[in-house]
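S.K.: Each chain, written out:
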Amino acid sequence: MAFESLSDKLSAAFKRLKSKGKLTEDDVKTAMREVRLALLEADVNYKVAKEFTKKISDRAIGSEVMESLTPGQMVVKIVNEELTELMGGGEARLKMPSSGPCIVMLCGLQGAGKTTHAAKLGRLLKKQGHRPMLVACDVYRPAAVKQLQIIGEQAGVPVFEEGQGNPIQISKDAVRHARDYGNDIVLIDTAGRLQIDDKLMDELKNIKEAVQPSEILLVVDSMTGQEAVNVSKIFDEKLEITGVILTKLDGDTRGGAALSVKAVTGKPIKYAGIGEKLDDIEVFHPDRMASRILGMGDVLTLIEDA
Amino acid sequence: MGLFAKIKAGLKKTREEMSNSVHRMLHSFTKIDEELFEELEELLVMGDVGISTSEHICDELRRKVKERGIKDPNAIFDLLQETVSEMLSGGEELKVSTKPSIILVIGVNGVGKTTTIGKMAAYLQNQGKKVILGAADTFRAAAIEQLQVWADRAKCDLIKQSEGSDPAAVVFDTISAAKARGDDVVICDTAGRLHTKKNLMDELAKINRVIDRELPDADKEVLLVLDATTGQNGVNQAREFKNSAGITGIVLTKLDGTAKGGVVLAVREALDIPVKFIGVGEQLDDLQPFNADDFAKALFDR
Ligand SMILES: Nc1nc2c(ncn2[C@@H]2O[C@H](COP(=O)(O)OP(=O)(O)OP(=O)(O)O)[C@@H](O)[C@H]2O)c(=O)[nH]1
Ligand SMILES: Nc1nc2c(ncn2[C@@H]2O[C@H](COP(=O)(O)OP(=O)(O)OP(=O)(O)O)[C@@H](O)[C@H]2O)c(=O)[nH]1
Ligand SMILES: [Mg+2]
Ligand SMILES: [Mg+2]
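As you go down the protein sequences, you meet chains A and B in turn. The opening residue of the first sequence carries number 1 in the numbering used here; numbering runs sequentially from there. The opening residue of the second sequence carries number 307 in the numbering used here; numbering runs sequentially from there.
Bound-form chain B, shown alone (with noise of 0.2 Å):
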């Protein structure tokens, strides 16, 4: 299956719930009017893309409309994908060719990061990178059983230590066996944190300083988690994380339900935050790399 079949199977839920009611909508129109408008805008929200991003995208509409003089209601579709597209392009790919580079996943609380890293793991793996894991959720029940459960899925080593102890330090000791190993990629877990919690948030920002001082040359990708049934507090979290851990990119989890994870968009809009992978499910296989146009037209396609 090509990489668009499979975006789209991923999405397919997804893309039937939205473009459905994208089509019902628009054939019910005989012109471009105001009013269409208003529907449209309405559906954007139902997709969780927000009041504002809703009136911006809109607003790229009608001028897209009356610059090219289009009249026929059903031309929106496309228009509507291409300005989405627009909006979420640059940025997808993840930089990891130095050797170690370093990839910090962190997020809210239950979003998929610990799923996310497994599926990461063999992701690299299978395009022959060797990958070493760091148990730096050191915090929540089990969560180094269950990174220790992916790290054996996806064929790699993990370093782990207690319950309880320092995620900095963790972080450390992953590095100095990445280098002692020759591994070429570090993924480092981290505890589920809200991002209103400062001396959680600081933590962060401590982890990063051991990265920086430990691989001051490497590629380094700090991945924000994002589930895609989060509603518009997906705003605010990016914003935070971008504020104390600097980060370089997003992973929407969750597109394998009905969510529509619209949230992204205005995550781009007010902090012009690339999403790199999206996650389609439990399964090793469920990451796909992001690619604008794909899910552009994944959600919109007819």
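This is chain A alone, in the form it adopts within the complex (with noise of 0.2 Å):
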């Protein structure tokens, strides 16, 4: 697809600006309507790019314009900053409580890429030398025990199941079977909820309440638009999530739904999904989701080869 940047965008509407000096306010202003378009475009939540917008205004009204740069490239430099910002600052690795087994619940809107990420994490915390354990507490979902069996055994972790009983028991059963058998980490793959579904948001919070996680991940599917919002929101005010795992980024969404999340929640997205298979796990990079929002392969270089 034929693809404009915002960076292209900026420089044509500070063609007729020639002075280099300070970005002035209606500099600005021109340049932050760009900014918040390319925002929307890439499915970044309407009030959320709002919102930036306004702080990255702030920052850029009075900036000297470097001598190697444009104003419109000035302008993303900044814009830039601030969303790596924005996006990073928390710890990837997960929080080891510091006795008894790290427990993980991964929960999510339907389809979201749940129980492929319990199984990439599980194989991921094996490599580094863990004893992960798999359990199935998605009772709703045709075939889902199956599913979590069949990915568990491809990615060589063992799967804790009680076919269709009750997930807050399986939850607390499997807790105890990793005490007993030593595993470290047990990752509990739940069944796909709407966040306005009240009893199975309440089914999850007893779930926290039986085992008292160390995380509670939120999974997202990168492709979301506006209403990531919403659903971050309420389940991070239910739950009290501890993270984020942004999914399905080996398309060509733009990914904007990652700054809504963090900005709602303000909790660090830890790992991204890149793939279908169980090693497409990584850990997620903040920069390389700005330059992907702003729709820019490398800020950087774009900067220096100007």
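By construction, these hints were calculated from the structure, which means they are not laboratory data. All C-beta atoms, glycine included, are put in the ideal place defined by N, C-alpha and C. Keep in mind that a hint or two might mislead.
Unchecked claim - Calculated cross-link-like contacts (lysine-lysine; reagent style BS3-like; alpha-carbon spacing at most 25 Å):
| # | chain 1 | residue 1 | chain 2 | residue 2 |
| --- | --- | --- | --- | --- |
| 1 | B | LYS504 | A | LYS277 |
| 2 | A | LYS277 | A | LYS233 |
| 3 | A | LYS205 | A | LYS267 |
| 4 | A | LYS270 | A | LYS47 |
| 5 | A | LYS277 | A | LYS205 |
| 6 | B | LYS512 | A | LYS277 |
| 7 | A | LYS270 | A | LYS126 |
| 8 | B | LYS461 | A | LYS146 |
| 9 | A | LYS267 | A | LYS50 |
| 10 | A | LYS277 | B | LYS503 |
| 11 | B | LYS485 | B | LYS436 |
| 12 | A | LYS54 | A | LYS95 |
Said to hold, decoys possible - For the chain A half of the interface with chain B, some residues (derived, Cβ under 7 Å), not all of them:
| # | residue |
| --- | --- |
| 13 | ASP43 |
| 14 | TYR46 |
| 15 | GLY156 |
| 16 | PRO158 |
| 17 | HIS177 |
| 18 | GLY225 |
| 19 | GLU227 |
| 20 | HIS285 |
Got two chains here, separate frames each, mind docking them using the hints?
M.R.: Spelled out as structure tokens, the structure:
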């Protein structure tokens, strides 16, 4: 798809601007319109985009335009820095409790990638020397338990299941089993659910009560649009999530949901899913995500080349 | 419950979100001015309609306001409904009149293809059609078992091979079985795939060739399943799937959440692909035929 990058658009907007001194309020206003549109095209939530550009404006007005940069590129640089900063800052590693197994609960909307990422995480942690175990707490979706069993086996990670039992009881039994058998990490796969489904949201709360997870990770599809804000807000309010896994980044989505989720919850994006295979998981890179949302391969080379 | 009432119920959450804000907004204006259109555009973008399509809709509204000499801001509401409905009208009906006819269901990962097939099988069987399913997702773990559960629920047959076998061969088998058994409609599941993966898109072309060879004169629907929570990437999805697999329609799923699914407006504008069904839940009867009027009304009705 032909794609005009934000940088191109800004350069065009600044074409008639000759002075290279400081950015004036008017320059910044013109630029912010383009920045806001770029963020919206990337599916950043409308309100988040608005707040973000306001923050950028304050920083950009009065900024010295550096020798090597045009005003347009200066704005891009500031936007990129702020975006990276906003999306980073979290500790990617899982919090290990001082005693007992580290319990990790994965939750999120239907089809986001929870089951796949439970297995991917299990495999990753096993490679790092841990003894993880997967727990099948999705008792609703047809063949969900079977799916986890198959990919658990592919990942070489044992799966604890009690068929279509009660998810709260299953999670409790699983933790006891992990203690008995020396599994130091327990990864709980839960059924997909809408954030407005009170009954199923309460179920997650009860699992949380019962096993006190060290980590509650919200799994978010990177193709999500404006909804990302509602979803992450309510999951965070009800469960106090500790982090996010952003999935399906192997496609061409600009992934503005990343910014929305981070802005709304303040919780770190810990991992990124980059494919269907069990090795397709990596630690989240805020800088890459910033460039991606802005629609620029590598902002720094772009700025240096100028 | 009538069809309209059902869709309204299915879209209740969506409608509450959207129309409340539209109303609150419109009531705060005393005249129709640019500021009003700006706010309207904002609301459309919030519904994942996308910037350019939102602008297009607002242009339409401006034109109609001028043409009809409308002065009252509250009248904008009906105009908005009318415009959205016009945009989405045409081509909603499913063409499955030949015996057999075939429906191929495709889309990116996790959007609801397999579930939709289960619901659609039940829907067609209720209309007296004999349906047979083909488990051509031979890739994802337990995809075949999942579809088997849906086949049992919908009370129809399922043709499957082992995991890892050639999807085109499964489609071939299913068509042969349908011919032999005298089934009315063949519905084939496929593995989720991102539209950016060329080899996987080529696989769809291969499946299409098998269908065209085995059922040259049959009615064929290639349905793209779109998740209503999807943002503007939905347009890329539709474009690429259209290019590689020639989609004939869209099923918009997960409208029982708060997502508005506005991206179908952008898809319609860019690629002229009709929506044929909407998914409003995870149960067997949570599928409804798409109706543009009802959809627009349910989105914006007061
Ligand atoms: N391309 C791609 N596909 C992915 C990724 N992660 C998961 N998937 C696919 O997305 C689909 C859904 O993944 P699941 O793990 O079943 O999602 P889930 O959240 O457990 O779904 P439910 O249990 O139904 O709510 C499957 O087809 C996965 O193979 C990813 O990072 N990239
Ligand atoms: N709330 C809601 N959930 C749905 C709807 N349709 C499907 N789902 C859920 O979405 C998840 C994914 O559905 P699937 O049918 O497995 O999706 P798929 O496209 O076949 O997934 P892959 O084969 O992995 O690509 C499941 O948890 C379904 O129950 C819907 O209309 N509303
Ligand atoms: Mg799952
Ligand atoms: Mg499927």
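S.K.: All the hints need checking, so say for each whether the structure fits it.
M.R.: Results of checking the hints against the structure:
Distance hint between B/LYS504 and A/LYS277 is fulfilled; the C-alpha atoms sit about 17 Å from each other, no more than 25 Å. Taking the CA atoms of A/LYS277 and A/LYS233, the gap is near 29 Å; set against the 25 Å cutoff, the hint is violated. Simply put, A/LYS205 and A/LYS267 have alpha-carbon atoms about 18 Å apart, close enough for the 25 Å limit, and the pair holds. Taking the CA atoms of A/LYS270 and A/LYS47, the gap is about 24 Å. The hint holds against a cut of 25 Å.
Taken as a hint, the A/LYS277 and A/LYS205 pair is broken in the structure, with Cα atoms around 30 Å apart against an allowance of 25 Å. For the suggested pair B/LYS512 and A/LYS277, the alpha carbons sit about 23 Å apart, so the restraint of at most 25 Å is met. Restraint check for A/LYS270 and A/LYS126: the C-alpha separation of about 17 Å stays at or below 25 Å, so the hint holds. At roughly 22 Å between alpha-carbon atoms, B/LYS461 and A/LYS146 fall within 25 Å of each other, so this suggested pair holds.
A distance of roughly 20 Å separates the Cα atoms of A/LYS267 and A/LYS50; the hinted pair therefore holds under the 25 Å criterion. With a C-alpha separation of about 14 Å, the suggested pairing of A/LYS277 with B/LYS503 holds against the 25 Å cut-off. With a CA separation close to 12 Å, the supplied pair B/LYS485 and B/LYS436 stays within the 25 Å bound. Proximity of A/LYS54 to A/LYS95 is assessed by CA-CA distance (about 34 Å); at most 25 Å being required, the pair is judged violated.
Evaluation of the A/ASP43 hint against chain B yields a held restraint, the C-beta minimum of about 3 Å falling below 7 Å. The beta carbon of A/TYR46 comes within 5 Å of a beta carbon in chain B, closer than 7 Å, and the hint placing it at the interface holds. A cut of 7 Å between beta carbons decides the hint on A/GLY156: the least distance to chain B is about 14 Å, and the hint is violated. At a threshold of 7 Å, the smallest CB-CB gap from A/PRO158 to chain B is about 16 Å, leaving the interface hint violated.
Interface hint status for A/HIS177: violated, as the beta-carbon distance to the closest one in chain B is roughly 23 Å, over 7 Å. A distance limit of 7 Å between C-beta atoms decides the matter here; for A/GLY225 the minimum to chain B is near 3 Å, and the interface restraint holds. For A/GLU227, the interface hint holds, since its Cβ comes within 7 Å of a Cβ in chain B; the closest pair sits about 4 Å apart. Among the interface hints, the one on A/HIS285 is violated; its C-beta lies about 19 Å from the nearest C-beta in chain B, farther than the 7 Å criterion.
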